[in-house]
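Asker: The residues making up each chain are set out below.
2 protein chains.
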Amino acid sequence: MDASPNTAMSKPSTRRRGATAEEMSLQQREISVSEFFAKNRHLLGFDNARKSLLTAVKEAVDNALDACEEAGVLPDIRVELLQRSESRFKVTVRDNGPGIVRHQIENIFGRLLYGSKFHRLKMSRGQQGIGISAAGMYGLMTTGQPVLIISKTHRKKPAVEVLLKMDTSKNRADVVSETEHPEDDGLFADGHGTQVAIEMEGKYQQGRQSVDEYLDQTAIANPHAHITFITPSNETIEYKRGTNELPPEAKEILPHPKGIELGTLIQMIERTERSQVGGFLQEEFSRISPSVSKEICLKAGITPRTWVKNVGHAEAEGIYRAIQEAKIMAPATDCLVPIGTKALLSGLLKEVKAEFFTACTRPADVYRGNPFLIEVGLAFGGELPKDELIRVIRFANRVPLLYQQSACASFKAVLETAWRNYGISQSRASLPEGPIVVMIHMASVWVPFTSESKEAIADYDEIRKEMKLALQEVGRKLGIYLRRRQRMKHEGERRSIFERYLGEISQATEAITGTSAKRIYDSLLKVAKRKTEEADAVLDDEGKRVKDADPLGKDASVIILPARAIRANRADAPEETVSPGDSKRAAPGLFGDHEAAVKPKTPRRKG
Amino acid sequence: MDASPNTAMSKPSTRRRGATAEEMSLQQREISVSEFFAKNRHLLGFDNARKSLLTAVKEAVDNALDACEEAGVLPDIRVELLQRSESRFKVTVRDNGPGIVRHQIENIFGRLLYGSKFHRLKMSRGQQGIGISAAGMYGLMTTGQPVLIISKTHRKKPAVEVLLKMDTSKNRADVVSETEHPEDDGLFADGHGTQVAIEMEGKYQQGRQSVDEYLDQTAIANPHAHITFITPSNETIEYKRGTNELPPEAKEILPHPKGIELGTLIQMIERTERSQVGGFLQEEFSRISPSVSKEICLKAGITPRTWVKNVGHAEAEGIYRAIQEAKIMAPATDCLVPIGTKALLSGLLKEVKAEFFTACTRPADVYRGNPFLIEVGLAFGGELPKDELIRVIRFANRVPLLYQQSACASFKAVLETAWRNYGISQSRASLPEGPIVVMIHMASVWVPFTSESKEAIADYDEIRKEMKLALQEVGRKLGIYLRRRQRMKHEGERRSIFERYLGEISQATEAITGTSAKRIYDSLLKVAKRKTEEADAVLDDEGKRVKDADPLGKDASVIILPARAIRANRADAPEETVSPGDSKRAAPGLFGDHEAAVKPKTPRRKG
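Order-wise, the sequence lines are chains A and B.
Just add 1 to the spot in the first sequence (first one is 1) and you have my numbering.
Just add 1 to the spot in the second sequence (first one is 1) and you have my numbering.
Certain hints may be false.
Just so you know, same-sequence chains aren't split out, so a pair can sit in one copy or run between any two.
In silico DSSO-like pairs for lysine-lysine, Cα to Cα no more than 30 angstroms straight-line [said to hold, decoys possible]: (1) Lys-204 <-> Lys-40; (2) Lys-387 <-> Lys-413; (3) Lys-300 <-> Lys-490; (4) Lys-532 <-> Lys-519; (5) Lys-527 <-> Lys-91; (6) Lys-300 <-> Lys-328; (7) Lys-343 <-> Lys-310; (8) Lys-413 <-> Lys-466; (9) Lys-40 <-> Lys-171; (10) Lys-310 <-> Lys-259; (11) Lys-204 <-> Lys-328; (12) Lys-40 <-> Lys-300; (13) Lys-310 <-> Lys-171; (14) Lys-204 <-> Lys-466; (15) Lys-295 <-> Lys-40.
Honestly, the hints are just simulated from the structure, not real lab data.
Please read these numbers as outputs of a predicted model, since none were measured by experiment.
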């Protein structure tokens, strides 16, 4: 430890001249949140040119959908990708939402961690107040160009144009210019809306994890939205509405007491404006009735009338422990709006050329005090590739999740499901193999994402468990179908053997007994048909089994298509299951083909 | 679109009474970075009780190692886990680093995004200024208890005790108390150091992804550190030093021009204190010589003497384009300090009971302007489990990465390596199967993590490519070894067949020719040995082949142990490859056993 500091500089040693505490303290300083995310922009989904383009579109469209729904407007969204040069695009997204009031524009588009969705518990697509300003920041970083926002909040107010640049060292927007632009009014047919345009480095490529796939899947999960997409090659692709009904509005809820931690409880007590403990508990949490509040207080050695200001650390710990022991109703679940079994089936039918479809919506559950629910759809067979790993399509609050699949709770749930029980092969620690597409949706007032880019759902036990239960439910139905299909095949073979000999047998029997060969043949055929009736299942009406004995027969969550319906682009698929707005677009991303192998599209041209 | 807003409230409709832009603007507000991370604490590694305990220890130990190395002190670190109740722990970490000056204590421990490592390009464990304050925030959230910091910056200055709580709504520390504590001086034998104590909800459980595994692996990658671990059951586990040499100090570097984006370049131009473009380019970037600077300026239509204040968007774009076209030296790589092949081998030898070991350190490469290098170690056979997926141990800047393996570039690199070429079986999209442990280290001035919890390396092409090259290098050597092992086995069988008949043949030949049976036997044996000499390979010295023809023979990056050396706890392993400080601890985490199945430890007891 006595090595001289000066001689130690040239090579490694036990002690070299290093920095002192004072020297090191001079290096220490604040990091602005925008500097942090600019340097770590991959955390926000801006990893590379292709993904960045997708992320920018995703953030803008998610915001547009949220704004429209909150304002009670059927969303009408226009996405345009204009290619400026080989690697530069202008992304423009316009909605018919309520618009944004002038003084909030620079906050919403020019600051990270600013928004309306973070401080409440309500099911929405955005939740962090980062996405769209991050897209603008990425555009500025890569092209030096400001973001242009046009907003119109009322039919009678002129549209406003604001041009802004984020100052990343301060996490604040520099407004380059702001002007009233009545001539932009034409952009907003409904009299209100927002348009954001960002110029950025990007790469447009169709296939897996593309803007196209994101919009395809968004249309599946949001059949109430009308989306128009103008591609870089100036094609117009329209996603028409599948329904003219807005989904029910998601309700905002208060935090559930069982999900609160001691330190957070103490902080809430320090900050509440209530004066008495009873009022604090009843007003700031959900599911605490006066009697529950009284029970908690008494267990904690206080009363509901105890002044909040007299609650110290010991009393707070008492309240915390009493909450853990108390019987409190599970959180309300009307705050969750599922996509629904019918819409899941309809989405899969629209996009996947399979023969068997099933879906289920689980009852709501709770993780860390947050209500959530899981829905799963499954499609099997038909034209899906047979010898590939199955495809998993993931959604959170109706938003498609296209990246980081293997980090997602849903992926782990698929891995942990015993697919072999349902007749599907699976190697260890791997996805099962077979012609299957699985669609998993999590709806929650707060989705725990594994990163700010919101690509994967964090692996909470409660969430994974619900996902597995839902997968087991659809898996069981698939298993029944596969066993029956196997049996049908077997019985079909038996019948064809019967039939092969029935003619000769009846001729011979006529010769022996004198009974008419025709009569013998008919009655033998009847017996053969009864014995092998399973083989007829496929011939029943439009592919749906209606026989009582059939466990899938009366199940509204199951659709089975005959082969010709699969091939015929669904024209003869059961009426009630095809959404009216089926856009008949080829959906290249959904057939298990690899990223590079994109099938040609036949988009509708417009104008 | 004319639906009356009032009747629409009860059920879904095309237009319901929703929020207006004005109403929505009232909801919008700033989110403090600490509020954000408190709600998203799983992003920081505080997902659950067990992982939180690990993360807190990891952040404190990583900081301690960084501080010691920066101050040029051989690290001496003490980690204590004191169990307060079933689910509550006090985590105390003490180091002999330089200490922290008084006024920075509340910033470093009480604010997220504050630190010395973010704004520079230098290889270090910490980089974000989040970790340790997040651990304190988690402790406060779960227990309501403040963080206690004791720091001593100089032998002659008394130790200072600061008790602080983070105000998450402001991302600032509330200092509860601060006092000079000369009686704490005894904690710091070297006259300086820092101790942080955090009370938190946690769960202590050994095995995979535990505090024990983290410290085990930290000791492997940091043989210059002395770590003492006091477990909750009051056992003392010591990790002695493997070397008394500090690793060379990592150098700080300037950004490389090729890694800069246009927008960032514009921002640098706006903020520089240089007055002329030439000076700006030469002083604020690495690898720009006066001639390169001149070349860039001329291409951009300006000169090195052009005033920075006259550079507009067009000129900046010109400079940016000229940089992309210019030939500029790759960044210096002396800023990277590899663990080194020798230390990798020694770490694996110490911890894994295998028969074959190899390692390689790749030359440095660059991603987004940031130099990095990859090192890989591989152990095969011996007592490693044969029929499980291989084990991957990951490090970034000498820090073990224990979570999110499947999201890590290293994991993808392992998946994409063609292991079958080396005789190892592998199913599609899965890790290979066999008795193998692979250790991957990435050293960089800026490691791109997939989340703030720094558990996985983001998947940059350049990084994955280097990892694959390194894996191929060790894989090839493994392949040679396995083929030779196969050949040896084969030749051994041939020889034993020869030998079985040699005696009889020589007897018979003597009877026929009269030549001495002994002589015939000896010469036949000589021929047989020459023909099957491969079978002797294993008998050469300590398991290492020295024959010229053997492709692994003279390779210092390969160690082959005879079976007895594997079993004998390495007592007779080759001298030069075992690090002097081998602590002889059982390393339960490294044998491929599952999380639950922890082998008993035989730790040294102390005191």
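Asker: What label fits Lys-310 with Lys-259 when the C-alpha limit is 30 angstroms: within, between, both, or neither?
Answerer: within (23 angstroms within a copy, 59 angstroms between copies)
Asker: Regarding Lys-343 and Lys-310, is the shortest C-alpha distance of 30 angstroms or less found within a copy, between copies, in both, or in neither?
Answerer: Answer is neither; intra-copy 52 angstroms and inter-copy 63 angstroms both fail.
Asker: For the identical chains here, do Lys-204 and Lys-466 meet the 30 angstroms Cα criterion within one copy, between copies, both, or neither?
Answerer: Between copies only: 21 angstroms across chains, 38 angstroms inside a chain, cut-off 30 angstroms.
Asker: If the cut is 30 angstroms between Cα atoms, do Lys-295 and Lys-40 qualify within a copy, between copies, both or neither?
Answerer: between (51 angstroms within a copy, 29 angstroms between copies)
Asker: For the identical chains here, do Lys-532 and Lys-519 meet the 30 angstroms Cα criterion within one copy, between copies, both, or neither?
Answerer: within (20 angstroms within a copy, 83 angstroms between copies)
Asker: Measure nothing new, just compare the shortest in-copy and cross-copy C-alpha distances for Lys-204 and Lys-40 to 30 angstroms and report within, between, both or neither.
Answerer: Within one copy only: 21 angstroms inside, 34 angstroms across.
Asker: Is it within, between, both or neither when you check Lys-204 against Lys-328 at 30 angstroms Cα-Cα?
Answerer: For Lys-204 and Lys-328, only the inter-copy Cα distance (25 angstroms) is at most 30 angstroms; the intra-copy one is 55 angstroms.
Asker: Under a CA distance limit of 30 angstroms, which applies to Lys-387 and Lys-413: within one copy, between copies, both, or neither?
Answerer: both (22 angstroms within a copy, 24 angstroms between copies)
Asker: Since the copies are identical, ignore which copy is meant and state whether Lys-300 and Lys-328 lie within 30 angstroms (CA to CA) inside a copy, between copies, both or neither.
Answerer: The answer is within: 12 angstroms in one copy meets 30 angstroms, while 75 angstroms across copies does not.
Asker: Cα distance capped at 30 angstroms. Does Lys-40 pair with Lys-300 within a copy, between copies, both, or neither?
Answerer: between (50 angstroms within a copy, 29 angstroms between copies)
Asker: Is it within, between, both or neither when you check Lys-413 against Lys-466 at 30 angstroms Cα-Cα?
Answerer: Both ways: Lys-413 and Lys-466 sit 10 angstroms apart in one copy and 27 angstroms across, limit 30 angstroms.
Asker: Within, between, both or neither: how does the pair Lys-310, Lys-171 come out at a Cα-Cα threshold of 30 angstroms?
Answerer: between (37 angstroms within a copy, 22 angstroms between copies)
In this structure, the hints that do not hold are numbers 3, 5, 7, in rising order.
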